[in-house]
Amino acid sequence: MTAQPLRFFSFAAPSRFYALAGRLLPLFWVMAVVLSAIGLYIGFFVAPTDATQGDAYRIIFIHVPAAWMSMLLYLVMAFWAGIGWAFNARTAAMVARAIAPTGAMFTFLALWTGAFWGKPTWGTYWVWDARITTELILLFLYLGYIALVNAIDDVKRADQAGALLAIVGSVNVPIIYFSVAAVSLKNKSAKISTTAAPKMASTMLAAMLIMTFAFWAYAFAVVFMRTRTLLIERESHTAWVAQVVERKIPG
Amino acid sequence: MSWNSAAEFFAMGGYGLYVWSSYGVTAALMLAEPLLARQRHGQALREAEAQTFTRETE
Amino acid sequence: MTRSVFMTVLRRDLKLASRRRIDALLPLAFFMVALSLFPLGVGPEPKTLQEIAPGIVWVCALLASMLSVNALFNGDLADGSLEQMLLAPTSSIALAAAKAAAHWLLTGLPLIVATPLAGLMFGMSAPAIAALALGLTLGTPILSLLGTLGAALTLGLRSGGMLLILIVLPLATPALIFGAGAVGMVEAGLSASGHFSLLGALLICSLIGAPVATAAALRISTE
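Chains as they are written, first to last, in numbering that gives the first Met the number 0: chain A, 0 to 250; chain B, 0 to 57; chain C, 0 to 222.
Isolated chain A (complex conformation):
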């Protein structure tokens, strides 16, 4: 009975997590590549040209997944950072740190692809509506987190300070969204309805969803890679790391 929860938490042990993550990596990469291939195939060779937006709408197959990932990863990052703080769990804290750069990247991609979707579709690269503004602030939140944890030399303090900042940020994101939305609603200045995606043919939706899963697999892969690196860097004085290293030295 008690063996079950023990088994789960035992993967929190650095050496076990390192090994497990290492075994799962190829699986995630394969998933990412295969799902991307399928998603892009459907997106470019099955989904029809849109009546209003032409072929420019095909950007949504990476824009929407990137945006979803950027928000999801922030919450996941805050979650694991919080776990690391609450339970003094080193591995959880490392996972959180490993997520940040990928989250920031997806946020940037969401903004970049959004701008290139916006220009041909609504005539402008940028508009200060609720979603885009929140996405931009999200980028700053990621950058702030990264800057903070990198500025603090003491690892434990850095992890904990980062956790606090990430949690405060999570609370703040919906507030920012609603504040911008509330103000633009009052001003009625948002003439552009940037939430209007093309009327979704089922093939379009399918491609978008598959690409989301592809990005998700990719994120797992990269985050696990980074976590493994952090494990080596932080635990370099331990016996298990010595063993890992020795396996690399022939003879």
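One thing to keep in mind: the hints can contain errors.
Partial list, computed: chain A residues near chain B (C-beta under 10 Å) [what the hints assert, rightly or not]:
1. 22
2. 23
3. 25
4. 36
5. 37
6. 39
7. 43
8. 47
9. 51
10. 58
11. 97
12. 113
13. 217
14. 225
15. 235
Think of the hints as simulated: they come from the structure by calculation, not from any bench.
For glycine and all other residues, C-beta sits at the position ideal for the given N, C-alpha and C.
Following the hints, complete the assembly by docking chains B and C onto the known chain A.
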């Protein structure tokens, strides 16, 4: 969806610049990120190796 | 017990500030100087100035607050009194609240008083200036509370100032949006009560949440 030629595919109905700028940057970043991560991992292993070596030879 | 901690720390900070009056006035001076850069940079066209005024006043208030919040804990950290205060069996939340209050009294309050002057600089109408002042009255405490949290997180770091601004600015964005937006509403002849209510709600949330988070941050930064 059938494209009549490769040229048509790349033109994307006149929106080629926008579509390929988006996909291009996305692909570039999603290739660079894991490569950088792998590089850093190799470095970490090398440094850990050096540490282990110095400890063993002490 | 909590109340006396609050008052003790608050009185101490105000007293220390009164011994360095020039330093205490720096945020206000920065505020005025930064404000006056805009008519110089943007041009004296009255309509333009009126349009951009609310946003600019808020941004300058934000920056002035952030620049002065940096030094909030530095003195106490340097001479060891911060650790003493945290070690003592008294509420660190009260300490955090007192620090934020001291910051607001020293930085926020002067900014509010200077608002009419700022408004005149940009040719704002009297109702607009009033809306601006009310917004800042609700908003500057939020900035002080958030700034104190930022200062606690970046305690003793070399890159402190810039890092602090990078961290706090996203958090302060809603207040900025509502505060500047309220003035826009008044200038358009509409009611800004919605904006002010939301700003008030933000203030209440900050009052409840920020000192707790700051206390946690202080513990993290000094352990």
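Now the hints, each set against the structure:
Annotation: interface hint on residue 22/A violated; nearest CB of chain B at approximately 15 Å, more than 10 Å. The criterion of a C-beta within 10 Å of any C-beta in chain B is not met by residue 23/A, whose closest approach is roughly 15 Å, and the hint is violated. Among the interface hints, the one on residue 25/A is violated; its C-beta lies about 13 Å from the nearest C-beta in chain B, farther than the 10 Å criterion. For residue 36/A, the shortest C-beta to C-beta distance to chain B is roughly 13 Å, which exceeds 10 Å, and the interface hint is violated.
Violation of the interface hint for residue 37/A is found here, the shortest Cβ-Cβ separation to chain B being roughly 15 Å, above the 10 Å cut-off. Annotation: interface hint on residue 39/A holds; nearest CB of chain B at approximately 9 Å, less than 10 Å. Interface restraint check for residue 43/A: the shortest CB-CB distance to chain B comes to about 7 Å, inside 10 Å, so the restraint holds. With 10 Å as the threshold, the beta carbon of residue 47/A comes within range of chain B, its nearest partner Cβ sitting at about 5 Å, so the hint holds.
The interface hint given for residue 51/A is broken, as the beta carbon of that residue sits about 12 Å from the closest beta carbon of chain B, more than 10 Å. Residue-level restraint check for residue 58/A holds (minimum Cβ-Cβ distance to chain B is 5 Å; threshold 10 Å). With a cut of 10 Å, the hint placing residue 97/A at the interface with chain B holds, because the nearest CB-to-CB distance is about 9 Å. With 10 Å as the threshold, the beta carbon of residue 113/A comes within range of chain B, its nearest partner Cβ sitting at about 9 Å, so the hint holds.
With 10 Å as the threshold, the beta carbon of residue 217/A comes within range of chain B, its nearest partner Cβ sitting at about 6 Å, so the hint holds. Here the hint on residue 225/A is kept, as its CB sits about 5 Å from the closest CB of chain B, short of 10 Å. Below 10 Å, beta-carbon pairs count as interface contacts, and residue 235/A has one with chain B at about 4 Å; its hint therefore holds.
Of the hints listed earlier, those the structure fails to meet are numbers 1, 2, 3, 4, 5, 9, in rising order.
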